[in-house]
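Quick mapping for you: the protein sequence lines, in order, are chains A and B. In terms of my numbering, the first sequence opens at residue 1 and continues consecutively. In terms of my numbering, the second sequence opens at residue 1 and continues consecutively.
Check before you lean on any hint, since a few could be wrong.
[Unchecked claim] If you want a taste of the chain B side facing chain A, the calculated C-beta under 8 Å gives, among others:
(1) 13
(2) 44
(3) 47
(4) 51
(5) 54
(6) 100
[Said to hold, decoys possible] Stretch by stretch, here's where chain B covers chain A in the computed footprint (C-beta under 8 Å, at least three residues):
(7) 20-29
(8) 63-69
(9) 72-79
The set of hints was computed from the structure by calculation and includes no laboratory data. Cβ coordinates follow ideal geometry from the N, Cα and C atoms, glycine included.
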Amino acid sequence: DSGVTQTPKHLITATGQRVTLRCSPRSGDLSVYWYQQSLDQGLQFLIQYYNGEERAKGNILERFSAQQFPDLHSELNLSSLELGDSALYFCASSVGSRPYEKLFFGSGTQLSVL
Amino acid sequence: AQTVTQSQPEMSVQEAETVTLSCTYDTSESDYYLFWYKQPPSRQMILVIRQEAYKQQNATENRFSVNFQKAAKSFSLKISDSQLGDAAMYFCAHYNNNNDMRFGAGTRLTVKP
Numbered sequence: 001d002s003g004v005t006q007t008p009k010h011l012i013t014a015t016g017q018r019v020t021l022r023c024s025p026r027s028g029d030l031s032v033y034w035y036q037q038s039l040d041q042g043l044q045f046l047i048q049y050y051n052g053e054e055r056a057k058g059n060i061l062e063r064f065s066a067q068q069f070p071d072l073h074s075e076l077n078l079s080s081l082e083l084g085d086s087a088l089y090f091c092a093s094s095v096g097s098r099p100y101e102k103l104f105f106g107s108g109t110q111l112s113v114l
Numbered sequence: 001a002q003t004v005t006q007s008q009p010e011m012s013v014q015e016a017e018t019v020t021l022s023c024t025y026d027t028s029e030s031d032y033y034l035f036w037y038k039q040p041p042s043r044q045m046i047l048v049i050r051q052e053a054y055k056q057q058n059a060t061e062n063r064f065s066v067n068f069q070k071a072a073k074s075f076s077l078k079i080s081d082s083q084l085g086d087a088a089m090y091f092c093a094h095y096n097n098n099n100d101m102r103f104g105a106g107t108r109l110t111v112k113p
């Protein structure tokens, strides 16, 4: 067990809908990273938060947004969902602000858009 | 833009034997980090080994070792004495100081008893 908790594990929704994925980092970790894993795009970095502030941005769509709360948990909001958004969404955490440290990954949220 | 290439979609190895997974990357940076992550059927990504580009010595973690060839931009993973629990998807990843971690497409490793 990595200590990173993601909920829900599975999510099935329809096109056009909005969903929220939740991540609780390991105790003491200040950084949260979001990744998307799909068959066609592979594993892609979306966004990173460090101690409540956005630290880095990757290939995150404008329809997606994220935030990190004072208790350091993070939420990834996906809106106007399309079929192509179906993927496994990972959250990872680290102590510091750089992903060259050891990243601890959650088990992911499997999103299916029908 | 940096890219990471894993040319072997699938590999198989006999239990107790040795297998090498290949990875090449493209970068214009001189200071960066390379990683191998393992994704078992449980889906959770687990760090296997990490290499800092400025260190010439190849990283080793128990049965896992790398062959880091900086000039060739090659970073292969060697698994010795393969065990059934090593069966997983293995991802090579590259990180530079632009906070951009790139992953390869992965290699699925099967371990035969």
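Checked hints:
1. 13: violated (23 Å)
2. 44: holds (5 Å)
3. 47: holds (5 Å)
4. 51: violated (10 Å)
5. 54: Where the cut-off is 8 Å and the nearest Cβ of chain A is about 12 Å from residue 54 (chain B), the hint is violated.
6. 100: holds (7 Å)
7. 20-29: With 0 residues closer than 8 Å to chain B, the region 20-29 of chain A misses the three-residue bar; violated.
8. 63-69: Not satisfied, violated; 0 residues make the cut.
9. 72-79: violated (count 0)
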